[in-house]
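Protein chains: 2
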Amino acid sequence: MSEKWQQLLSRLGEIHDLEGSCAVLGWDQQTYMPPGGNQVKASQLATLLKLAHNMFVSDEMGELLEDLEAEMKDMPYDSFEAGILRVTRRAYDQAKCLSEDLVTELAKARTLAFAAWAKAKQESDFSIFRPQLEHTLELKRQQAEALTYTDTPYDALLRLYEPDLNTAQVALLFTQLRERQVPLITAIAASGKKVDTSPIRQHFPDAGQWKLQLRLLELMGFNMEHGRLDRAEHPFTTSFGIQDVRLTTHLYPTDLCSGLFSTIHEAGHGLYEQGIDPKYERTPLANGATLSVHESQSRLWENLIGRSRLFWQHLMPILREIFPQQMAGVNIDRMYQAVNEVKPSFIRVDADEATYNLHIFIRFELEQDLITGKLAVADLPEAWNDKYESYLGIRPSNDAEGVLQDVHWSTGMFGYFPTYALGNILSVQIWDTMKQEPDISAALLKGDFKVVRYWLRKNIHAYGRMFTTQEIAQRVTGRPLTVGPYLDYIETKYKELYGL
Amino acid sequence: MSEKWQQLLSRLGEIHDLEGSCAVLGWDQQTYMPPGGNQVKASQLATLLKLAHNMFVSDEMGELLEDLEAEMKDMPYDSFEAGILRVTRRAYDQAKCLSEDLVTELAKARTLAFAAWAKAKQESDFSIFRPQLEHTLELKRQQAEALTYTDTPYDALLRLYEPDLNTAQVALLFTQLRERQVPLITAIAASGKKVDTSPIRQHFPDAGQWKLQLRLLELMGFNMEHGRLDRAEHPFTTSFGIQDVRLTTHLYPTDLCSGLFSTIHEAGHGLYEQGIDPKYERTPLANGATLSVHESQSRLWENLIGRSRLFWQHLMPILREIFPQQMAGVNIDRMYQAVNEVKPSFIRVDADEATYNLHIFIRFELEQDLITGKLAVADLPEAWNDKYESYLGIRPSNDAEGVLQDVHWSTGMFGYFPTYALGNILSVQIWDTMKQEPDISAALLKGDFKVVRYWLRKNIHAYGRMFTTQEIAQRVTGRPLTVGPYLDYIETKYKELYGL
Chain A
8 MSEKWQQLLS RLGEIHDLEG SCAVLGWDQQ TYMPPGGNQV KASQLATLLK LAHNMFVSDE
68 MGELLEDLEA EMKDMPYDSF EAGILRVTRR AYDQAKCLSE DLVTELAKAR TLAFAAWAKA
128 KQESDFSIFR PQLEHTLELK RQQAEALTYT DTPYDALLRL YEPDLNTAQV ALLFTQLRER
188 QVPLITAIAA SGKKVDTSPI RQHFPDAGQW KLQLRLLELM GFNMEHGRLD RAEHPFTTSF
248 GIQDVRLTTH LYPTDLCSGL FSTIHEAGHG LYEQGIDPKY ERTPLANGAT LSVHESQSRL
308 WENLIGRSRL FWQHLMPILR EIFPQQMAGV NIDRMYQAVN EVKPSFIRVD ADEATYNLHI
368 FIRFELEQDL ITGKLAVADL PEAWNDKYES YLGIRPSNDA EGVLQDVHWS TGMFGYFPTY
428 ALGNILSVQI WDTMKQEPDI SAALLKGDFK VVRYWLRKNI HAYGRMFTTQ EIAQRVTGRP
488 LTVGPYLDYI ETKYKELYGL
Chain B
8 MSEKWQQLLS RLGEIHDLEG SCAVLGWDQQ TYMPPGGNQV KASQLATLLK LAHNMFVSDE
68 MGELLEDLEA EMKDMPYDSF EAGILRVTRR AYDQAKCLSE DLVTELAKAR TLAFAAWAKA
128 KQESDFSIFR PQLEHTLELK RQQAEALTYT DTPYDALLRL YEPDLNTAQV ALLFTQLRER
188 QVPLITAIAA SGKKVDTSPI RQHFPDAGQW KLQLRLLELM GFNMEHGRLD RAEHPFTTSF
248 GIQDVRLTTH LYPTDLCSGL FSTIHEAGHG LYEQGIDPKY ERTPLANGAT LSVHESQSRL
308 WENLIGRSRL FWQHLMPILR EIFPQQMAGV NIDRMYQAVN EVKPSFIRVD ADEATYNLHI
368 FIRFELEQDL ITGKLAVADL PEAWNDKYES YLGIRPSNDA EGVLQDVHWS TGMFGYFPTY
428 ALGNILSVQI WDTMKQEPDI SAALLKGDFK VVRYWLRKNI HAYGRMFTTQ EIAQRVTGRP
488 LTVGPYLDYI ETKYKELYGL
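Residue numbers (the numbering used here), protein chains in the order written: chain A, 8 to 507; chain B, 8 to 507.
Check before you lean on any hint, since a few could be wrong.
As the list claims (entries may be wrong) - When the alpha-carbon atoms are kept at most 20 angstroms apart in a straight line, the in silico EDC-like pairs for lysine to aspartate or glutamate are as follows:
#1 B:K57 / A:E26
#2 B:K57 / A:E67
#3 B:K126 / B:E408
#4 A:K218 / B:D213
#5 B:K218 / A:D213
#6 A:K201 / A:E348
#7 A:K57 / B:E26
#8 A:K11 / A:E88
#9 B:K103 / B:E70
No wet-lab data here; the hints were simulated from the structure.
Here chain A stands alone, though its shape is the one from the complex:
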């Protein structure tokens, strides 16, 4: 190991420590922080992020990178060294594009816009958020210009989350999805079939639900030596490091499934972070590859496993043990139908598997128009409601259940939403590939879901941030992101469920 290489790793390690510390602070903010602790937290986060940024964009870092890229140019693409250099170079070039002024302005706008959004949502009044959103958009346009792009400024923002995807590629995939997914939902609605959801809408006491969440984590093989589950208003997963991954969930007393699917979803993310090769710790490879790949993991567990008949067959005895009264007289058929009800709804995070992507199409279209200026912020609520009416046949009656529901835009995350739908697509590609292994299918039949974790770890998790979304799709499934498997899956599943 050259001395320069050691220097690079040491610098990257310290930056990683700062970022991991931010993860701890952010976790505390959403789990245990007292109401009045926000100002202290904001100040600490700002300082840690500033230090990390300054350490990263230093000239010494640039020189080290350049020298080492030359020195190690013959290292194999999937080697530790090449991976570190590639990921670091990408982030370095992006960070270097942004002036310290713009970074500071974006951070300030985030704090202000988030506060405005929270207030606006609470009062269901978009006008409170509007000036801040306009300012945020102006800064995001500046950021896109600074990052440079060929076709549309949205490309530059999308690239922050998906280094090897552009707007045109995503738009094409979404068009292909729409062509079959929209008619499917129309057919379901036309079927007139009503699903009985009463089995999952009983009173489920909190203590029992908590026990259930821990059993779910056990089933999935989430390692509680190196992680934990806590409660948060909006469930999320965060990694302090490969050896300390934190999940959160939110339980509702009269809804069995909201907490259950949140936990499974977050544990899907958590298994990814826990599964990264330990030798990547304290390097830029020590996180999931991209948002889409991350979402493919959470969605695979939540939908392909969590909403499958097989899974509920193995879950029923556990439910009967924890909730004997509530489960009396409820059989697997009723349960399977109840957890797979398709029903157009206003709130993305509560959407069922079949309609979920439609919520994403709406946001993807709107945020492109916002960034290019085609849509004025003042017209956004109306445009939002029109799209809901056109895609889902329902019209939000107020801003809280409409345009204000998601936090993303307030924190400047434009280009983030499409990764949710891309994750759905990829999850089925991966699932289909995995199921071709006879051992996996056999183990699943026996209720051994840990084989899934094992397979995902070996084929995806272990590599951390080594590869991009398309590289992972290609390496793992033999082809790039493709909508076919996903569409086949939902058509088969829901045609059977709705007798179409």
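Put chain B on the given structure of chain A with help from the hints.
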């Protein structure tokens, strides 16, 4: 405000943010961290501490300090500016004495010695800890030399915690304490009186105990908007910032008082941190003055209030409400006696009010001899046991209940123990002064304990780190640290309780 002053505040603010972030990490480590999260945590803490240290000892900081000291030399002693400069100068000169090598060595030794101590304690085998303690002592001697001293190296280490106290002064105070405290304990033992502790040694379910702790915090006026209570193996208090102060406690199912007094003690510390003038936030003044003053606050609440008859009179209705069965037939006299039982014991943290200081005398004497080399580490367990036999008339039967019980020495904290006894002394001086105000006594009789918080905030808390221990004793009580009030208090209280 001069530009240099703004620069100093900005630098100190960032260092304070780093230290506050360390507090968050440390809190998580002792409350919620999964067993396998230690390595991640250690690495993050090391990086944050290193960055804070380097930012602090920079030449720019030294120049700023020097220039501003000249510029502001006429500011009043108790002004914000003079306070900042004084406290910063003290810490800066101390930090500058230490080479980066020694700082790194001390940090490394701390990690290793702590691990060795934990293992040794678990196996009750001092020999596991011995080599690490020897190494730590060697480094502490080097640190003392680097910090410089006049009489004894112990002075240099004590000064890290108590800037205006030296070994001879502390030894004199302890001699004065011994002269009356040891005969008191001997007389209590000779009285042969047995206290009935059965009222506090029943089964007290956890949910009820938790409710009780929250009621205690309410009684004391601890602000839950800007703080919280969690559980930890060893209760502690930490401040993320003036607006976010975290308490911890530990509840035992068959012991009413262990958790109760832990909570009151920690809330005493917490009220101090919450009570600091908000304008000191993000400066070196935004913490309690010294360890002794901090302990005077926790001890005042724990002992002078928490173990008083008056307090229990007001607590009884709450206890009857939460634990009606357990409290049936228990009156205030039995309770008051039970919570004030005097009984020589091996473990410092479980010691009663009357014998507590004796545990400190033992440690103070031993750690001086260790630092000067008069006592070899190999002979420490024997010396420890001899002192317990001589001071308390009992001899530990193993290392775990003897020399290995406390964590302090493993983390290099020599000179820390005496501050516990100094806090006891100061607590009564403050208490006597406060009680001279007629309003306070009247409010206390009515069970309004928040007046105590109000008085302490106004006279002590608000000033944060502005003054030293002796300065606070002098300003608040009109004289320096003095053992008289403390000895009068315990003699009066325990002679009455034991009919002497």
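Results of checking the hints against the structure:
1. B:K57 / A:E26: holds, 15 angstroms
2. B:K57 / A:E67: holds, 19 angstroms
3. B:K126 / B:E408: Given that 20 angstroms is the threshold and the Cα spacing comes to 14 angstroms, the pair holds.
4. A:K218 / B:D213: holds, 18 angstroms
5. B:K218 / A:D213: holds, 18 angstroms
6. A:K201 / A:E348: Between K201 (chain A) and E348 (chain A) the Cα gap is close to 8 angstroms, so the pair holds against 20 angstroms.
7. A:K57 / B:E26: holds, 15 angstroms
8. A:K11 / A:E88: This hinted pair holds, its Cα atoms lying about 12 angstroms apart.
9. B:K103 / B:E70: holds, 13 angstroms
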